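**Student:** Spelled out, the chains give:
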Amino acid sequence: MRAVSFESVGFSYPGSRQDKSSKQVFEGLTLTLVPGKVYVMSGPNGCGKSTFAKLMTGMLKPDSGRILIGENDMVWMGLSDIGKHVGLVMQNPSRQLIMQKPVDEIAFGLIHRGMQKDEAANVAKAALRDYKLTEIADTPTQKLSKGEQVRLAMASVAVLEPDWLLLDESLSCLDGASRSKVLDKVARLVRHGGGALIISHSKDLAYELGAIRILIERGGVSVVV
Amino acid sequence: MSVLVLSGIKFAYSGSNRKVLDGVDLSIEKGEAVLISGPSGGGKTTLCLVAATIIPTRVQGDFSGMAELMGQGTRKLGPSGASEYVGYVMQEPEFSMIMPTVEDEIAFGLENRGREPAEVAVAVEGVMTRLGMEGLAGRDPRRLSSGEKQLVAMASAVVHKPQLVILDEALSGLDDDKRALALAELDAMRQGGAALLIAEHAGTGRQAPFLSARRYVLQDGRLAEEVSG
Amino acid sequence: MWSDMDPRSKIFATLCLTSMALLVRMPLAALLLAALTAAALIAFGIDPKGPLKTLIRLAPAMLVVAVLQVLLVRSGRTVLSAFGIGIVTTGGLGAAAFMVVRVGIIAACGYILSGIGFADFLLAMKSMKVPYEIAFMAAMGAKFLPLLAEEMTDSLTSAELRGADIKRMGIIRRLRLYSEVLMPATFTALSRAEGISWALELRGFNPGAGRTYWRKLEMRMSDWMAFPLGIIAFAAFLLANY
Ligand SMILES: Nc1ncnc2c1ncn2[C@@H]1O[C@H](COP(=O)(O)OP(=O)(O)OP(=O)(O)O)[C@@H](O)[C@H]1O
Ligand SMILES: Nc1ncnc2c1ncn2[C@@H]1O[C@H](COP(=O)(O)OP(=O)(O)OP(=O)(O)O)[C@@H](O)[C@H]1O
Ligand SMILES: [Mg+2]
Ligand SMILES: [Mg+2]
Chain H
1 MRAVSFESVG
11 FSYPGSRQDK
21 SSKQVFEGLT
31 LTLVPGKVYV
41 MSGPNGCGKS
51 TFAKLMTGML
61 KPDSGRILIG
71 ENDMVWMGLS
81 DIGKHVGLVM
91 QNPSRQLIMQ
101 KPVDEIAFGL
111 IHRGMQKDEA
121 ANVAKAALRD
131 YKLTEIADTP
141 TQKLSKGEQV
151 RLAMASVAVL
161 EPDWLLLDES
171 LSCLDGASRS
181 KVLDKVARLV
191 RHGGGALIIS
201 HSKDLAYELG
211 AIRILIERGG
221 VSVVV
Chain A
1 MSVLVLSGIK
11 FAYSGSNRKV
21 LDGVDLSIEK
31 GEAVLISGPS
41 GGGKTTLCLV
51 AATIIPTRVQ
61 GDFSGMAELM
71 GQGTRKLGPS
81 GASEYVGYVM
91 QEPEFSMIMP
101 TVEDEIAFGL
111 ENRGREPAEV
121 AVAVEGVMTR
131 LGMEGLAGRD
141 PRRLSSGEKQ
151 LVAMASAVVH
161 KPQLVILDEA
171 LSGLDDDKRA
181 LALAELDAMR
191 QGGAALLIAE
201 HAGTGRQAPF
211 LSARRYVLQD
221 GRLAEEVSG
Chain R
1 MWSDMDPRSK
11 IFATLCLTSM
21 ALLVRMPLAA
31 LLLAALTAAA
41 LIAFGIDPKG
51 PLKTLIRLAP
61 AMLVVAVLQV
71 LLVRSGRTVL
81 SAFGIGIVTT
91 GGLGAAAFMV
101 VRVGIIAACG
111 YILSGIGFAD
121 FLLAMKSMKV
131 PYEIAFMAAM
141 GAKFLPLLAE
151 EMTDSLTSAE
161 LRGADIKRMG
171 IIRRLRLYSE
181 VLMPATFTAL
191 SRAEGISWAL
201 ELRGFNPGAG
211 RTYWRKLEMR
221 MSDWMAFPLG
231 IIAFAAFLLA
241 NY
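Protein chains in written order, with our numbering: chain H, 1 to 225; chain A, 1 to 229; chain R, 1 to 242.
Errors might be hidden in some of the hints.
[To be verified] Mimicking DSSO-like on lysine-lysine, the simulated pairs with C-alpha atoms at most 27 Å apart in a straight line are:
id, chain 1, residue 1, chain 2, residue 2
1, H, 185, H, 143
2, H, 20, H, 61
3, R, 49, R, 167
4, A, 76, H, 143
5, H, 181, H, 84
6, H, 20, R, 167
7, H, 117, H, 132
8, H, 101, A, 76
9, H, 23, R, 49
10, R, 53, H, 117
11, R, 129, H, 23
12, H, 101, R, 129
13, H, 61, R, 129
14, R, 143, H, 143
15, R, 53, H, 143
16, R, 53, H, 54
17, H, 54, H, 143
18, H, 132, A, 19
19, R, 143, H, 23
20, R, 49, H, 101
21, H, 37, H, 101
22, H, 143, H, 203
23, A, 161, A, 76
24, R, 49, H, 54
25, R, 53, R, 143
26, R, 53, H, 61
27, H, 143, A, 161
28, H, 143, A, 19
29, H, 117, H, 143
30, H, 54, H, 23
31, A, 10, H, 132
32, H, 203, H, 84
33, H, 37, H, 185
34, A, 19, H, 125
35, R, 49, H, 20
36, A, 19, A, 76
37, H, 37, H, 20
If you're looking for bench data, these hints aren't it; they were derived computationally from the structure.
Quantities reported herein were computed from a predicted structural model and do not represent experimental measurements.
Next comes chain H alone, as it looks inside the complex (with noise of 0.2 Å):
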């Protein structure tokens, strides 16, 4: 299991055609995220956060400064092997489901990954019933509720077994028991030696999970508590 270092990483946000300036959101932050332990980070709307959680998947890429994995530096690495260490729960999840079937979409990176057909759609439905999915495994995924959408989206990446995991206010979508489970795998993977990183705007959550908290303010600053 490794950790995710961020050194002195800048990034900013290219103009479009419409929209002309270009868009600073970080300038020169470090930040190590060793694995073993949960990260909750909060700020305030448009801080960053997002752009944190894509910048580590490798979604973006720094503009300046680096960000490894290990000792390995990312833009080395191809998203597939990002991927084995890193696996994101988007804030909008519909951005990342793939397949038309829920059992498709678990099973897509589990047959990437090298598994048996059978063996992954196997897998898939355990994952379904795991995540209280079966009602709706004939259900598109793209007309699921937001809070299916989520689980659907954190049991495609969980079964993947990255080391690090990473939910974009995933937990505000989820109602109590469904919230409960993810904090539950969230837990699970700590004690195996993995690391998650929580995006939340809840003040107890912290507390709550005992968890580090990643203060990001405009700017792009971080204070970790």
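For this one, chain H is given, so just place chains A and R with the ligands on it according to the hints.
**Tutor:** Just chains A and R with the ligands now, kept in the frame of chain H:
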């Protein structure tokens, strides 16, 4: 006259035999706020779509029961008719944004309703100030953070002063300051006579809004009033 | 320079360019047309990198069609022959070259149009007296392709993160992955378009009804210039072409 009356609403999406709504009765008066919580997948979004006339007019499925918005049947009214009364913040607002800048996005609904340009400009500026979104002026609404998008969607939904504001999980992504501003705006609208239908997960660690709201839990297709305690 | 030009000038310019692209017959006219397109891109402040990328993505398909053109069109002088049968003729080469120019120009025009916002597009169409229903359908259609493209990009990123090593895949497996992802992405894009249309209706967007515009479309000097310039260019093109 009630703003929204639902009685005996049953609905199953086509291709599924599960009744997502199975006998829902609800009426909302002017100046009243109703908060709906319940398990994820429990049907909150479905109920919002019924209130907004999208169900049964735009979504296929098995619908029965009586739904009236401002005294008119929703099936006849349809979304165009409902647009006169309703402001709707969708659960995933980014897929409803089409204008190139935040101001244009907010002004869009006013233009469609034929308001004078000068009036539009004043209203847009007013709501942006009240919701603390001056910093978003000129930005492309599709290239914002999720919370910023929610704020834009909220501004677009309330700027024309609708009689019924439907908020589908519209506050969950806001930080405390923004949430307070949004709540103040909504409460002012309520005091001005607007009705509010709010779907929110309660009990997820953040205080649910509107202590004055009537609260219901939507579960197994039915609404149960929560006893205040 | 004129990147925020009136959408009407852009629509007018692309109409001119595409119709010329379909008419083009003489090499000189083709050259002129290519230059005109480049000028239009610069005038509308579009970074040529964008259309170039689109062209590069289209390149394999264009290559196949070009080769077919070269082999199938046989007119003019024979350039290359084997066993006494002419394989490549000047006519074939010319046809292929024209095809490339046409596709390039149409791609560039698509690019110019895609820079116009949904509502600006409608507004422009309305002020050009295009019936609103048709304008709305056109705008929704124009919206669908970007939605699909976005959805494909998201899906492929998600696939990569879950172990589909696209960069190192063989071409067959890559095609299989694309086809696996394309159908669901299409459904998603359709359901997003559906959501957009609900939201539009609920916000009072009603093609028949009167609406106001808080920002006026202002035709400035540079916009009015687009029309005579377009007409002059068209005339020059016709002279060169016939
Ligand atoms: N695609 C984009 N293009 C340009 N700017 C963007 C884009 N996405 C986000 N931004 C901007 O970058 C900043 C950080 O956005 P980010 O989504 O990381 O915020 P966040 O902390 O996740 O906020 P929230 O709590 O609202 O989810 C914001 O100012 C936002 O406006
Ligand atoms: N178009 C559809 N076709 C089939 N089933 C659907 C469709 N839309 C929603 N559903 C199903 O109906 C149920 C209720 O969905 P709804 O979106 O109303 O839930 P919700 O209470 O809003 O949940 P959440 O809190 O997760 O947003 C879910 O199980 C969902 O999978
Ligand atoms: Mg975010
Ligand atoms: Mg919902």
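**Student:** All hints, please: hold or fail.
**Tutor:** Evaluated hints:
1. Simply put, residue 185 (chain H) and residue 143 (chain H) have alpha-carbon atoms about 25 Å apart, close enough for the 27 Å limit, and the pair holds.
2. For the suggested pair residue 20 (chain H) and residue 61 (chain H), the alpha carbons sit about 20 Å apart, so the restraint of at most 27 Å is met.
3. The straight-line distance between the Cα atoms of residue 49 (chain R) and residue 167 (chain R) is roughly 22 Å, inside the 27 Å bound, and the hint therefore holds.
4. Proximity of residue 76 (chain A) to residue 143 (chain H) is assessed by CA-CA distance (about 25 Å); at most 27 Å being required, the pair is judged to hold.
5. At most 27 Å may separate the alpha-carbon atoms for a hinted pair to count; residue 181 (chain H) and residue 84 (chain H) meet this at roughly 23 Å.
6. With a C-alpha separation of about 31 Å, the suggested pairing of residue 20 (chain H) with residue 167 (chain R) is violated against the 27 Å cut-off.
7. Among the hinted pairs, residue 117 (chain H) with residue 132 (chain H) is consistent with the structure: their alpha-carbon atoms are about 22 Å apart, no more than 27 Å.
8. For the hint pairing residue 101 (chain H) with residue 76 (chain A), the CA-to-CA distance comes to about 35 Å; that exceeds 27 Å, so the pair is violated.
9. Between residue 23 (chain H) and residue 49 (chain R), the direct Cα distance comes to roughly 21 Å. Compliance with the 27 Å bound is thereby established for this hinted pair.
10. A C-alpha spacing of about 37 Å is found between residue 53 (chain R) and residue 117 (chain H), which places the hinted pair above 27 Å, so the restraint is violated.
11. With a C-alpha separation of about 39 Å, the suggested pairing of residue 129 (chain R) with residue 23 (chain H) is violated against the 27 Å cut-off.
12. A C-alpha spacing of about 45 Å is found between residue 101 (chain H) and residue 129 (chain R), which places the hinted pair above 27 Å, so the restraint is violated.
13. Restraint check: the Cα-Cα separation between residue 61 (chain H) and residue 129 (chain R) comes to about 46 Å, which exceeds 27 Å; the hinted pair is violated.
14. With a C-alpha separation of about 21 Å, the suggested pairing of residue 143 (chain R) with residue 143 (chain H) holds against the 27 Å cut-off.
15. A distance of roughly 34 Å separates the Cα atoms of residue 53 (chain R) and residue 143 (chain H); the hinted pair therefore is violated under the 27 Å criterion.
16. Distance hint between residue 53 (chain R) and residue 54 (chain H) is fulfilled; the C-alpha atoms sit about 24 Å from each other, no more than 27 Å.
17. Annotation: proposed proximity of residue 54 (chain H) to residue 143 (chain H) holds, straight-line Cα distance about 25 Å (limit 27 Å).
18. Straight-line distance between C-alpha atoms of residue 132 (chain H) and residue 19 (chain A) comes to about 18 Å, which keeps the hinted pair within the 27 Å bound.
19. Taking the CA atoms of residue 143 (chain R) and residue 23 (chain H), the gap is near 25 Å; set against the 27 Å cutoff, the hint holds.
20. Taking the CA atoms of residue 49 (chain R) and residue 101 (chain H), the gap is near 38 Å; set against the 27 Å cutoff, the hint is violated.
21. Between residue 37 (chain H) and residue 101 (chain H) the CA atoms are separated by roughly 34 Å; this puts the pair beyond 27 Å, and the hint is violated.
22. Between residue 143 (chain H) and residue 203 (chain H), the direct Cα distance comes to roughly 32 Å. Violation of the 27 Å bound is thereby established for this hinted pair.
23. Taking the CA atoms of residue 161 (chain A) and residue 76 (chain A), the gap is about 23 Å. The hint holds against a cut of 27 Å.
24. Restraint check for residue 49 (chain R) and residue 54 (chain H): satisfied, since their Cα atoms lie roughly 25 Å apart, inside the 27 Å limit.
25. With a CA separation close to 20 Å, the supplied pair residue 53 (chain R) and residue 143 (chain R) stays within the 27 Å bound.
26. As the CA atoms of residue 53 (chain R) and residue 61 (chain H) are separated by approximately 20 Å, the hinted pair is consistent with the 27 Å bound.
27. Using a Cα cut-off of 27 Å, the hinted pair residue 143 (chain H) and residue 161 (chain A) is violated, with the two alpha carbons roughly 31 Å apart.
28. Under the criterion of a C-alpha separation no larger than 27 Å, the hint pairing residue 143 (chain H) with residue 19 (chain A) is consistent with the structure, at around 15 Å.
29. Pair hint residue 117 (chain H) plus residue 143 (chain H) holds up; C-alpha atoms about 25 Å apart against a cutoff of 27 Å.
30. In summary, the hint linking residue 54 (chain H) to residue 23 (chain H) is supported, as the alpha carbons are separated by about 16 Å, within the 27 Å threshold.
31. The hinted pair formed by residue 10 (chain A) and residue 132 (chain H) meets the criterion: a straight-line CA distance of about 24 Å does not exceed 27 Å.
32. A hinted pair counts as satisfied when its Cα atoms are at most 27 Å apart, and residue 203 (chain H) with residue 84 (chain H) does not qualify at roughly 31 Å.
33. For the hint linking residue 37 (chain H) to residue 185 (chain H), the alpha-carbon distance of about 13 Å falls within 27 Å, and the restraint holds.
34. For the hint linking residue 19 (chain A) to residue 125 (chain H), the alpha-carbon distance of about 24 Å falls within 27 Å, and the restraint holds.
35. For the suggested pair residue 49 (chain R) and residue 20 (chain H), the alpha carbons sit about 16 Å apart, so the restraint of at most 27 Å is met.
36. With a CA separation close to 23 Å, the supplied pair residue 19 (chain A) and residue 76 (chain A) stays within the 27 Å bound.
37. Restraint check: the Cα-Cα separation between residue 37 (chain H) and residue 20 (chain H) comes to about 40 Å, which exceeds 27 Å; the hinted pair is violated.
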